[in-house]
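**Q** Chain residues, written in single-letter form:
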Amino acid sequence: MNRVGFALKWFLFVWMVVVIWAAFMWIPSAEGFKGESSRIVFFHVPTAWVATLAFLVSCIASGMYLWRREPKYDFGAAVSAGLGLLYAVLATVTGAIFAKIMWGAYWNWDPRQTSITILLLIYAAYFALRSAVADPEKRATLSAVYSILAFVTVPFLMFIVPRIYFSLHPDVMTNADPDNSLDSAHLIVLLASLAGFTGLSVWLYSVGTRIEKIRHRRRQEVL
Amino acid sequence: MSDLTGIMAVTMIIWIGLFAYVYRLDRKVSRLED
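Line by line, the protein sequences are chains D and L. Read in order, the letters of the first sequence are residues 1 to 223 in my numbering. Read in order, the letters of the second sequence are residues 1001 to 1034 in my numbering.
Warning: the hint list may mix true and false statements.
[As the list claims (entries may be wrong)] List of simulated lysine-lysine pairs, DSSO-like, C-alpha gap at most 30 Å: (1) Lys1028(L) to Lys72(D); (2) Lys213(D) to Lys72(D); (3) Lys9(D) to Lys213(D); (4) Lys213(D) to Lys138(D); (5) Lys138(D) to Lys72(D); (6) Lys100(D) to Lys34(D); (7) Lys9(D) to Lys1028(L); (8) Lys1028(L) to Lys100(D); (9) Lys9(D) to Lys100(D).
In short, the hints are calculated from the structure, not lab data. Please read all numbers here as calculations on a predicted model, not as lab measurements.
Please take these sequences and the hints and turn them into a complete structure.
**A** Here it is in structure tokens:
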């Protein structure tokens, strides 16, 4: 582990400790929300953001694999899709907790909840596909094509569908109404949380791809 | 201790645990790479 990497990891640790403290202790509870439910935004929005980013990286890595045919891009696509799936589950869980506090039920089949469920199923199928094909090259090619097709649905399911239909989901980030937008203190903590979650994802991606490379190298040695 | 402090403490423990796990995994992967 080099010095810069070492410093960045400990910087991330301290950064997230401060973000967690600020999210619960520094920021006052937002008006218009029941109890302390508004604080979940500091964890829900970053997980949804990082899930979208991870699906994008998986799509790009898949395209790179189809172009270059190098296994490292296949590892990148698989690790990134896994991270995306994990963060999408976390976004769904945090969203369900918010729904329970605000609307009295964990699940309401709101357009946002329905669309993220479809997205989770699409990316779960990606891993079903990967586990169903034994030949590494065929698996990599098929899953790369699938990953690109799967990403086509992401903008529709994450951004377009929830805005076409009536949704209970708060839309403070993209709302043009100044009376219904985040104040500066909330925005600072939210952006700091987004940066922290993105940094954590980059680290997890790095560790995941390195593990896949070691597995690949060991398989090559056995053959 | 208020509910909010309790939730913050749980969140903090989850973060510290996750960081420690990934940090150890990172070091182990680095050793295997050498």
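**Q** Evaluate each hint against the coordinates.
**A** Now for the hints, and whether the structure bears them out:
1. Pair hint Lys1028(L) plus Lys72(D) holds up; C-alpha atoms about 20 Å apart against a cutoff of 30 Å.
2. Simply put, Lys213(D) and Lys72(D) have alpha-carbon atoms about 7 Å apart, close enough for the 30 Å limit, and the pair holds.
3. For the suggested pair Lys9(D) and Lys213(D), the alpha carbons sit about 22 Å apart, so the restraint of at most 30 Å is met.
4. Restraint check for Lys213(D) and Lys138(D): the C-alpha separation of about 18 Å stays at or below 30 Å, so the hint holds.
5. Restraint check: the Cα-Cα separation between Lys138(D) and Lys72(D) comes to about 15 Å, which is no more than 30 Å; the hinted pair holds.
6. Under the criterion of a C-alpha separation no larger than 30 Å, the hint pairing Lys100(D) with Lys34(D) is consistent with the structure, at around 10 Å.
7. Our distance criterion of 30 Å between C-alpha atoms is met by Lys9(D) and Lys1028(L), whose separation comes to about 15 Å.
8. About 40 Å separates the Cα atoms of Lys1028(L) and Lys100(D), which puts this hinted pair outside 30 Å; it is violated.
9. Under the criterion of a C-alpha separation no larger than 30 Å, the hint pairing Lys9(D) with Lys100(D) is inconsistent with the structure, at around 35 Å.
Hint violations for this structure: numbers 8, 9, all remaining hints satisfied.
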